Amino acid sequence: MIEYIDVHKAFDVPVLTGVNLTVQTGETLSIVGPSGTGKSVLLKTTNGLLVPDQGDVRVDGESAYFDGDETLRRIRGKVGYVFQYAALFDSMTVCENICAGLPLGVNIREGWVLEKVAQALEDVNLDPRQVMNKLPAELSGGMKKRVGLARTIVGRPEILLYDEPVTGLDPVNTAAVSRLIRDIREKTGVTSIIVTHDIEQALEISDRVALLEHGVLRFVGTPGEFQASPDPVVRAFADRRLAAEAAVRIMEEDAADLKKDMEEETP
Amino acid sequence: MNKLIRRGLLRPLARVGRTAEAVAEHAGQMASLSWGVAAATLRGRVSMRSIIDQFWEMGVQSLPLVLVTAVISGVVTTQQGGYQLTSTIPLYVLGSVVASSVVLELGPVMTSFVLIGRVGARITAEIGTMQVSEQIDALHSLGRDPIAVLAAPRVIAGTITTPLLVSIANVVGIFAGMVAARLSLGLGYQSFLYGARMYWHSWDLLYSINKGIVFGFIIPLISVHMGFRTRGGAEGVGRSTTAAVVFMIISLLVLDATFPSLFLN
Ligand SMILES: Nc1ncnc2c1ncn2[C@@H]1O[C@H](COP(=O)(O)OP(=O)(O)OP(=O)(O)O)[C@@H](O)[C@H]1O
Ligand SMILES: [Mg+2]
Chain C
1 MIEYIDVHKA FDVPVLTGVN LTVQTGETLS IVGPSGTGKS VLLKTTNGLL VPDQGDVRVD
61 GESAYFDGDE TLRRIRGKVG YVFQYAALFD SMTVCENICA GLPLGVNIRE GWVLEKVAQA
121 LEDVNLDPRQ VMNKLPAELS GGMKKRVGLA RTIVGRPEIL LYDEPVTGLD PVNTAAVSRL
181 IRDIREKTGV TSIIVTHDIE QALEISDRVA LLEHGVLRFV GTPGEFQASP DPVVRAFADR
241 RLAAEAAVRI MEEDAADLKK DMEEETP
Chain F
1 MNKLIRRGLL RPLARVGRTA EAVAEHAGQM ASLSWGVAAA TLRGRVSMRS IIDQFWEMGV
61 QSLPLVLVTA VISGVVTTQQ GGYQLTSTIP LYVLGSVVAS SVVLELGPVM TSFVLIGRVG
121 ARITAEIGTM QVSEQIDALH SLGRDPIAVL AAPRVIAGTI TTPLLVSIAN VVGIFAGMVA
181 ARLSLGLGYQ SFLYGARMYW HSWDLLYSIN KGIVFGFIIP LISVHMGFRT RGGAEGVGRS
241 TTAAVVFMII SLLVLDATFP SLFLN
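Residue numbers (this note's numbering), protein chains in the order written: chain C, 1 to 267; chain F, 1 to 265.
Hints should not be assumed to be uniformly reliable.
As the list claims (entries may be wrong) - Calculated lysine to aspartate or glutamate pairs in the EDC-like style (CA-CA distance at most 20 Å, straight line):
{"#": "1", "chain 1": "C", "residue 1": "Lys-134", "chain 2": "C", "residue 2": "Glu-115"}
{"#": "2", "chain 1": "C", "residue 1": "Lys-134", "chain 2": "C", "residue 2": "Asp-90"}
{"#": "3", "chain 1": "C", "residue 1": "Lys-78", "chain 2": "F", "residue 2": "Asp-137"}
{"#": "4", "chain 1": "C", "residue 1": "Lys-116", "chain 2": "C", "residue 2": "Asp-183"}
{"#": "5", "chain 1": "C", "residue 1": "Lys-78", "chain 2": "F", "residue 2": "Asp-145"}
{"#": "6", "chain 1": "C", "residue 1": "Lys-78", "chain 2": "C", "residue 2": "Glu-27"}
Honestly, the hints are just simulated from the structure, not real lab data.
Since we're looking at a predicted model, the values are computed, not measured.
So that you can see chain C by itself, here it is in the shape it has in the complex (with noise of 0.2 Å):
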């Protein structure tokens, strides 16, 4: 179970004012929310990837900022981190950043491990012969992504944190994703956050949606309520339509202003 209680971020302007969020073991709960909102930074917060300015998380009862190093290690231990950018290691070849998911002091040359970090990159779709001894440098950016999803789930950890895990990617490999995410959940009852833009996916494999707006969590539901919601600002979210009506009356607006402080100058 994830616990966000209360939990503050700014950095120059405030970021999270105020995060209450419970995400009960085995559940799985998409957060998405208009871009530079904080998405990346609540994730972070986690498993102490970035420390909240007040309010705490807890991980199965225990906090990542009051209990102490060791719990703080062993939270990092169970949670496992899909990073928006991939943030593979470019000094490593995808073979050796897989192994970087193993439990420390493994061997990379012995069988169990290849076979393991092979299965693991056939999970995301990707050859392991044709990938294994390349560098991140020499990977186009959905291929990257895909190893670092492997190099998460390799671990098999307890809880999974995906920031974006299917954006950039083509429909083949956004379906082969959501599969595995949804699959590695059935098999191992893993607790799932997925922040995401594809409002599709989200509403098919989550037990629940959280809007992120402002700083503060604006809806939090089952994908039936969400659909459902007379809130103008979910009903954006929820549908294309709406969303794309939204874009086109905020660059309205925007053409408006900027017609308006046009005039203003030239007098």
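Guided by the hints, dock chain F with the ligands onto chain C, whose structure is given.
Positioned in the frame of chain C, the structure of chain F with the ligands alone reads:
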């Protein structure tokens, strides 16, 4: 009047205050980094292979440039010394001038400058890039300790490699000076070595190697520290690399200046 005081007095003072604050912040972070490196080393968390890799990159690959620098230090000291020694001072004194200049100052300092440019800048750029591309976060999330994985091997290798490089630079520098003295001033090897021995203290070598150890510790320490502090994309990496080089040069000069009063009394 008020304005004058504010501009003339308070503003510079505020600037001094800010600088002091920044220095204290860096010092604190570097102290905790050193502590982390020591702890990781004592707990056996640092892989031997990565130390050897760093040893190779810092030591062996820097050797050619260190050798060239040492040769030039020796040759230039000989020629300038020879130019200044007038007929009243016997020429063999040159042996002592060259030996002490090289061992006490030029060997350790020039070698360290080579390492700042060749090794320090690279470490900051490398770790800075890892920082801005979330690779450091990835290490944390995989339960790895960036201090044990990245900082410790570099600091350990630097502390071992630099005194070795300094020793080689000393020998090569003196030898080059000796050859130059013979070719340009006609001073024989025997006389040169006689002069070198006359004013030689056995303590001098230890002093030189001590400098090598201190500089060899501080260069990777600063460069790793600046790498971890990097923020803001490729531009940030460039900025922190430049800052790290300036920081290393100044620290080296300050430390070098404190050495005589600490050890030569
Ligand atoms: N390390 C950091 N230092 C300074 N500011 C940061 C940092 N990380 C994030 N921010 C700021 O916090 C805000 C939220 O960033 P975040 O990456 O969480 O957005 P996001 O919701 O994940 O957006 P996207 O959907 O585009 O990934 C942004 O304004 C960003 O500039
Ligand atoms: Mg993000």
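Verification of the hints:
{"no.": "1", "hint": "C:Lys-134 <-> C:Glu-115", "in the structure": "17 Å, holds"}
{"no.": "2", "hint": "C:Lys-134 <-> C:Asp-90", "in the structure": "10 Å, holds"}
{"no.": "3", "hint": "C:Lys-78 <-> F:Asp-137", "in the structure": "16 Å, holds"}
{"no.": "4", "hint": "C:Lys-116 <-> C:Asp-183", "in the structure": "17 Å, holds"}
{"no.": "5", "hint": "C:Lys-78 <-> F:Asp-145", "in the structure": "16 Å, holds"}
{"no.": "6", "hint": "C:Lys-78 <-> C:Glu-27", "in the structure": "15 Å, holds"}
In summary, this structure violates none of the numbered hints.
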